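When you get a sec, could you build the whole thing from the sequences and use the hints?
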Amino acid sequence: MDWTLLIYKTLFLFLILLITLLVAMYSTYGERKVAAFMQDRRGPNRAGPFGLLQPLADGLKMFMKEEIIPLTANRYLFILGPSIAMTTALLTGVVIPWGATITIGGREFPMQIADLNIGILYVFAMVSIGVYGIMIGGWASNNKYALYGAIRAASQMISYELAMGMSIVALVLTTGSLSLHEIVEQQHGMHWNIFYQPLGFLIFLICAFAETNRAPFDLPECETELIGGYHTEYSSMKLGFYLFAEYINMFISSAVIATLYFGGYNMPFIDDIGLSANIVTILGTIFFFLKIFGFIFLFMWIRWTLPRFRYDQLMNLGWKGLIPLSIFNILATGIYYYFTELK
Amino acid sequence: MQALTNRSKVVSDKKMTFIEWIYIPAILKGMSITLRHFFKKKATISYPEQKREFSQVYRGQHVLKRDEEGRERCTACGLCAVACPAEAITMVAAERKPGEEHLYREEKYASIYEINMLRCIFCGDCEEACPKEAIFLTDRIVASEYKRAPFIYGKDILVEPLDLNLRVDVSARQTENVLKFKQNKRFAHNK
Amino acid sequence: MVFLFYMLSAIMIISALLIVFNRNPINNVIFLIVCFIAMAGHYILLNAQFLAVVHIIVYTGAIMVLFLFVIMLLNLNKAIIPHKSRATRILAVITGGIFFLVLLAATRQTIEIHPRYPFTSDIGLVKEVGQTLFHEFLLPFEMSSALFIAAMVGAIMFGKKDV
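Protein chains in written order, with this note's numbering: chain A, 1 to 343; chain B, 344 to 534; chain C, 535 to 697.
Hints are supplied without guarantee of correctness; some may be wrong.
Between beta-carbon pairs, the in silico distance windows are [to be verified]:
(1) B:Gln526 x A:Pro49: 52 to 62 angstroms
(2) A:Leu53 x C:Ser679: 55 to 65 angstroms
(3) B:Leu378 x A:Leu21: 21 to 31 angstroms
(4) B:Ala346 x C:Lys695: 41 to 51 angstroms
(5) A:Phe297 x B:Arg510: 39 to 49 angstroms
(6) A:Leu5 x C:Leu580: 39 to 49 angstroms
(7) B:Leu378 x A:Leu275: 28 to 38 angstroms
(8) B:Glu392 x A:Thr103: 47 to 57 angstroms
(9) A:Leu56 x B:Arg379: 49 to 59 angstroms
(10) C:His669 x A:Ile327: 18 to 28 angstroms
(11) A:Gly176 x C:Ile545: 32 to 42 angstroms
(12) C:Ala626 x A:Met64: 51 to 61 angstroms
(13) A:Gly274 x B:Thr360: 49 to 59 angstroms
Think of the hints as simulated: they come from the structure by calculation, not from any bench.
This one's a predicted model, so the numbers in the text were calculated from it and none came from an experiment.
Using N, Cα and C, we set each Cβ at its ideal position, and we do this for glycine too.
Structure follows, in structure tokens:
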């Protein structure tokens, strides 16, 4: 067994875990700031300079709150729900290539925990298990609003997973690989997939909004209709887990979008400068994170711009709009490659 | 009906064009609006550090004035209590004993004078009704409390301090017009 | 690897038994999900990552969600098991026992089957599965998709009063 690699992977795993949690934490701060700025307000600015300690204060508040499990709730499933939501959200980060390889002393250290040859599908599998967190939690609460939220979440996620999967099929037709690492490597030098799959990107983006339960698809937890949706009965850190899982999902889906369509850690014109490979890798990782933050901002920007969908509109868009569109996209891509590769 | 602003639009139910139907231009337009607001000047006033200026005629917490020699002006006539639409003012009148001339200006004074700040609507009618220019509304804000009882303000809070430096300035409210209004013979208390 | 195999097998068998013996439908579904995830683990042990992930996406992520969905909507919190008479119970035990005997007899008589496709380490990867599915088994594959279409149309026909 290669001990250096094993230790490196373990350390890298914890680093990614830490970064994920940190980004999710500061996404809550960012969301509040963005919301405030878009509404001509100032947002949190009391805890620390510019309110930077606000996430810590929020976390502390969550920990100190009373833990309530309703008497009529199913106790074990009530605890299981947020655990599943959090676990699956964290598991997704494993396959994302955070950077190219770093060479130290002739050894190569890839900036990816696991380069699965079915990377995209793994992300899908984790997302599809993530639904259970919401469904089980919502059902176990024994509350009609929570149940409504859970049912909405499940049907919404199943509906949009189809269109998302089919937009990925078109992408896989262009790349010829399911491994995220390979997909990124193919996009080297401004051959970003967004230029080859603009429609697929749009479909994927919309589905990503729906899958993460973000506005305008936040029907499972819409405050105006369902109090809190599936987490109505939750309090303290269990509620915190649900909210946190949502922000982690947002971070991961931003990372996936950046990986699949925006070249991952590839930077434009980086080869022309002539830097050493390690510096290019580090710059690439930084650039990748900038892309991710850009998408997180987009998520927030959309949330504070668009109103929520009505349920029938949501289903219409999913089944009658995006699925036919993604099938058309697959067909068009397939026909294009059939004719270009014959020649 | 006449339009109130020039921004009103007539709602129509016509079929959407293709551009409208795909919604994306409309979404981008909305996003540009929110982005513009992102860089706009913020409307917030950070309260404890920054304070908004009060209007000249702001009506806040009441004060019971003393005259130049430090004697209470109130004579417990009860006109303010009568004028009060919220019935927030109660008082008990007492007669001035010999030797108390330095405390009370008139022969009769209010031994108890209470305003229930939860009932008060800060209309300023008490101030208008007062013949002795004893009660005024000031630009001070009524402090918040945890219970109801502390909101019944007695004389200890309402009467301004004796110290000349700590007197409450109400000169802004004693403009010439106000003084002329107070002399108006149409009102019963000036006859 | 062997340890992992036994652990996954134990999880699978225990959860499968719990599916049968537990009376709460929601718990049944959850144990079935656990069983499926353990099965996906077996696929990974066989280096069939594609099958494992597709198994999770299709069975765990879609079909079981629909099961859970239906159970939640029908509100089957307490399983209502109608009281059966003694005669039916005895008959059920006998039939079950006979079925078990048949199974046992069948497995005792098994001979070693030589698979048509010898096991290679990349048999479950995307490429292999795709090649097999779209070359050798193209017709069954397309037939099954036609079957799915028929099932979908049938479901819509059932659901709508007047088409």
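Do the hints match the structure? See the list:
At about 58 angstroms, the CB distance of B:Gln526 to A:Pro49 agrees with the hint of 52 to 62 angstroms. About 56 angstroms separates the C-beta atoms of A:Leu53 and C:Ser679, a value consistent with the hinted range of 55 to 65 angstroms. Checking the proposed 21 to 31 angstroms range against B:Leu378 and A:Leu21 shows it holds: the Cβ atoms sit about 29 angstroms from each other. About 48 angstroms separates the C-beta atoms of B:Ala346 and C:Lys695, a value consistent with the hinted range of 41 to 51 angstroms.
A hinted range of 39 to 49 angstroms for the beta carbons of A:Phe297 and B:Arg510 is inconsistent with their spacing of about 56 angstroms. A hinted range of 39 to 49 angstroms is violated for the C-beta pair A:Leu5 and C:Leu580, which are about 24 angstroms apart. In this structure the supplied range 28 to 38 angstroms holds for B:Leu378 paired with A:Leu275, their Cβ-Cβ distance being about 34 angstroms. Between B:Glu392 and A:Thr103 the beta carbons are some 53 angstroms apart, a value that agrees with the proposed interval 47 to 57 angstroms.
The hinted window of 49 to 59 angstroms between A:Leu56 and B:Arg379 is violated, with their beta carbons roughly 32 angstroms apart. The beta-carbon spacing between C:His669 and A:Ile327, approximately 24 angstroms, falls within the hinted interval of 18 to 28 angstroms. At roughly 36 angstroms, the beta carbons of A:Gly176 and C:Ile545 sit within the given window of 32 to 42 angstroms. Between C:Ala626 and A:Met64 the C-beta distance comes to about 55 angstroms, which sits within the given range of 51 to 61 angstroms.
About 52 angstroms separates the C-beta atoms of A:Gly274 and B:Thr360, a value consistent with the hinted range of 49 to 59 angstroms.
When held up to the earlier numbered hints, the structure conflicts with 5, 6 and 9 and fits the remainder.
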